[in-house]
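Keeping their order, the protein sequence lines are chains W, S and Y. Mapping to the working numbering: the first sequence position 1 is 1, numbers consecutive. Mapping to the working numbering: the second sequence position 43 is 43, numbers consecutive. Mapping to the working numbering: the third sequence position 141 is 141, numbers consecutive.
In short, the hints are calculated from the structure, not lab data. C-beta atoms are modelled at their ideal positions from N, C-alpha and C, and glycine is treated no differently. Warning: the hint list may mix true and false statements.
Claimed, not checked - Listed below are the simulated EDC-like cross-link pairs for lysine to aspartate or glutamate, each with C-alpha atoms no more than 16 Å apart in a straight line:
(1) LYS135/S with GLU33/S
(2) LYS122/W with ASP166/W
(3) LYS231/W with ASP439/Y
(4) LYS246/Y with ASP49/S
(5) LYS380/Y with ASP298/Y
(6) LYS368/Y with GLU141/W
(7) LYS246/Y with ASP140/S
(8) LYS160/Y with GLU170/S
(9) LYS53/W with ASP384/Y
(10) LYS160/Y with GLU20/Y
(11) LYS135/S with GLU170/S
(12) LYS74/Y with GLU153/S
(13) LYS159/Y with GLU72/Y
(14) LYS69/S with GLU33/S
(15) LYS246/Y with ASP20/S
(16) LYS231/W with GLU442/Y
(17) LYS135/S with ASP49/S
(18) LYS418/Y with GLU442/Y
(19) LYS159/Y with ASP179/Y
(20) LYS106/Y with GLU125/Y
(21) LYS116/W with ASP88/W
(22) LYS246/Y with GLU442/Y
(23) LYS159/Y with GLU170/S
(24) LYS53/W with ASP88/W
(25) LYS105/Y with GLU72/Y
(26) LYS246/Y with GLU193/Y
(27) LYS103/W with ASP88/W
(28) LYS105/Y with ASP199/Y
(29) LYS105/Y with ASP179/Y
(30) LYS368/Y with GLU47/Y
(31) LYS172/W with GLU141/W
(32) LYS380/Y with GLU141/W
(33) LYS347/Y with ASP384/Y
Claimed, not checked - Label-pair ranges, simulated between beta-carbon atoms:
(34) ALA77/Y with GLN17/S: 43 to 49 Å
(35) GLY119/W with GLU33/S: 43 to 49 Å
(36) PRO444/Y with GLN17/S: 32 to 38 Å
(37) GLU82/S with THR181/Y: 28 to 34 Å
(38) ALA100/Y with GLU33/S: 55 to 61 Å
(39) ARG72/S with PRO122/Y: 37 to 43 Å
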Amino acid sequence: MRVGLFIPCYVNELFPHVGMATLELLESYGCEVVFPMEQSCCGQPMANNGDSKGACAAAQRFTSIFRDFDYVVAPSGSCVAHVTHHFDWYLAGDSDYQSLKPKVFEIIEFLQDVLKVEGLPKPVYFPHKVSIHQSCHGLRELHHAAPSELMIPFHSRLERILALVDGITVLKPERRDECCGFGGTFCVDEPELSTAMGEDRIAQHEATGAEFIVGADPSCLMHMGGIIRHKGRNIRPLHIVEILTGRGAT
Amino acid sequence: MSSRDAILERIRRHRPQGPDLPDIHAVSFIRFEQPLAAFAALIRQLGGDAVELAEGQSVRELVAERWPKAGRTVDITGADHEEAATPHDWQDVDIAIVPGDLAVAENAAVWVSHPDNRFRSLYFLTQKLVMVVPKANIVDTMRDAYARVRITEHGFGSFIAGSSRTADIEQSLVMGAHGAMAALVIFV
Amino acid sequence: MKDDSIRHPEAAAAFLADREQARWHDSAIWWVRQKRDAQASQLPEWEALRELARTIKAHTLSRLDDYLRQFEEKAAANGVTVHWAADAEEHNRIVHGILAARQVKKLVKSKSMLTEECGLNPYLEQRGIEVIDTDLGERIVQLRHEPPSHIVMPAIHLKKEQISELFHQELGTEAGNNDPTYLTHAARANLREHFLTADAGLTGVNFGIAETGGVVVCTNEGNADLGTSLPPIHIASMGLEKLIPKLEHLGVFTRLLARSAIGSPVTTYTSHFHQARPGGEMHIVIVDNGRSEILGSDDFFQSLRCIRCGACMNTCPVYRRSSGFSYSYIIPGPIGSTLGPSRDIRKHASMAFACSTCGSCSNVCPVKINLHEQLVLHRKRAWDAGAVPTGKKMGLMAMRFLTRHPALFDLSGKVMRKVVPILPEGLTRQSAWSRAGRDLPEMPEQSFKEMYRRREEKN
């Protein structure tokens, strides 16, 4: 199984350790992982600001880079959702994209749905309280969990996989899936509002008594992390792959 | 071209593809094992109350017991009742006793409709509204209710659930916005 | 009327300057979302009900002209006069014509977002007709000379102290008595007089039934009922998308509307008007005002399924923290942010961007409108219309270029990582990222690509 590793551009620059943890995790489950060096941006920022031409070019570029892999995996729900749900705005009639689309997965989805893992590669002991941050695109586009608005049975991918970790206490904040206010370029279009949303979200995570905010989208964690740093709070954002590889508590 | 024709022509030109009408009966809706009890529990949260008329008791007795110091009372449940020259005639009514054709368990609504629409205003001007409903006429949901009401028959009909209310000031629920301050459903 | 030069980011920042008030606004509206959840969760068929509602509305839009003709014919047969208005001006002219011909001096109105959209109140007032809004929230904002800040809860932006002060001045209530029950009952007494002395009543329409030619109006207060059962004239203003084909379909929509809107199993009054009261007359004004244009848009016609429940506003984390007055269109929040830009993308472009694309609105919508996607689709129109700010456009053009040139992309990333840490703090603190209290992330030594390359070299 040849897996193309898709490391979103901002993860490449700002959260390389999340990329490394993803790579390590995939390899330790026996995947042959290839990271195409020429990858850049999937085009979500352009798409979200109406630049169809730029977004289309990025989508085509992404497709040509990744089309020959058996699977494509990334540690970001939002970027994966853009590829699997919104490339159709530009590439609906593109057969390369249509055959690529069902092969693109967010890392937790990939572990659960493709590898069908029932344990971690090596035992992980993480004796900490974590509060789940359910990022919006992972939640409502990739169906990582049952959104609170829908009257359907509850499920949660993140909670399910964290159950494989020893010693961990998994908590949920009040308003279990309210947006943190990152929203891509929204965070700089409306900085006051975006920051206010982030402050409220952090307070709700803190109120659970958790030491970590754990999520599957580095962008939301980056936004909340910036506010946490500014305010000098103790709670720390943590990407879920960092726990699953046993690096988290360092 | 008239506005009417221009609008209809534009819609014709622009109308999108759409699905066939669904069969709304193909989906199973909630059922209540004890619809009267469900109705009564719910209406109490909506500024109202519901009771079953006891053996040998009359509606008027029950109403008098509940509101001993009643002002003007108008009862239009019988054949022989007061008439009105204008809808404004009911402005000083304290208690109106009106027939309700149907009650809905899922939302505590009662269907009211009267052949003479001068009585329409009575439902809304009265301070206390008493709706008298045969207890066999309770249905589970609004789907069942709409299958039974004769909507165009009297030109006007309303489902009334509890008393008039508002939460427009700081989301504080206040009973008695414009219509009845109290609602009582008597199952007979 | 609303000031349509409002830009959301600045207006939201101003609203958030009073964090206490903003927090209160957020919690008050979130509470309504929770009530909605509590009601919806009691119905095992909730999601099936939404799907039925979506399908019925989608079907109706696909034959809207046929259903409008049927509606008109049935209404006429019931003795109702049907009028057609191509735009807001024509709507106002028709309403004024009916009132003027009968020497109406006072009109009592129940809530109608359509008449807000058309600017009916100032139109009639300029022509000497007294207009009294009778929904309590509408009355409050009318006395304050403000537009409603929410389509279901018009005065949700106000604290009871502000309303008490207003009523003290306007209705002569006791100074300092802030009790909502006292204030509500004072308004009740005042508005009763207006109901009893009005010459005509005007309502909006929640649903028009094609099969029967009648209209349904839902209120909790009973104001639409008093306003139509006392005066001899009832005018119902109806947007042409309000139709449903059959009576039985109300068995779907009345189950969704109040549960979605206010978290109540039904509105107190769900009233069905097919004829005027004895001695009276009833008119229905069917209004287009841009709707038939939206119908022709592949991306946006779904917004015409809207039943105006306001659930999208209650769940929207942006709306709750910025209030209705931060939006340039008369209808705020997610649904307003597609309807406004559909009407005029240049004027309302900032609404399309007032969204973190969380998607909660699309999930609460009882007719399953893809609201958050529509907002993103409007951004394309904003870009094409040149309504995206120049600085942002330049940045995205640069991004477009770099995406195609990965070596330069990586280089610029590296420059950022190296330069940001040595920038003077004063400079970074002024950036849009940081100015509201958000630090930059720590800049790692190496990018993932650099780490990966090093690892590959070692192996």
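ask   = So which of those numbered hints doesn't the model satisfy?
value = 4, 7, 11, 13, 14, 21, 22, 25, 26, 29, 31, 32, 34 and 36
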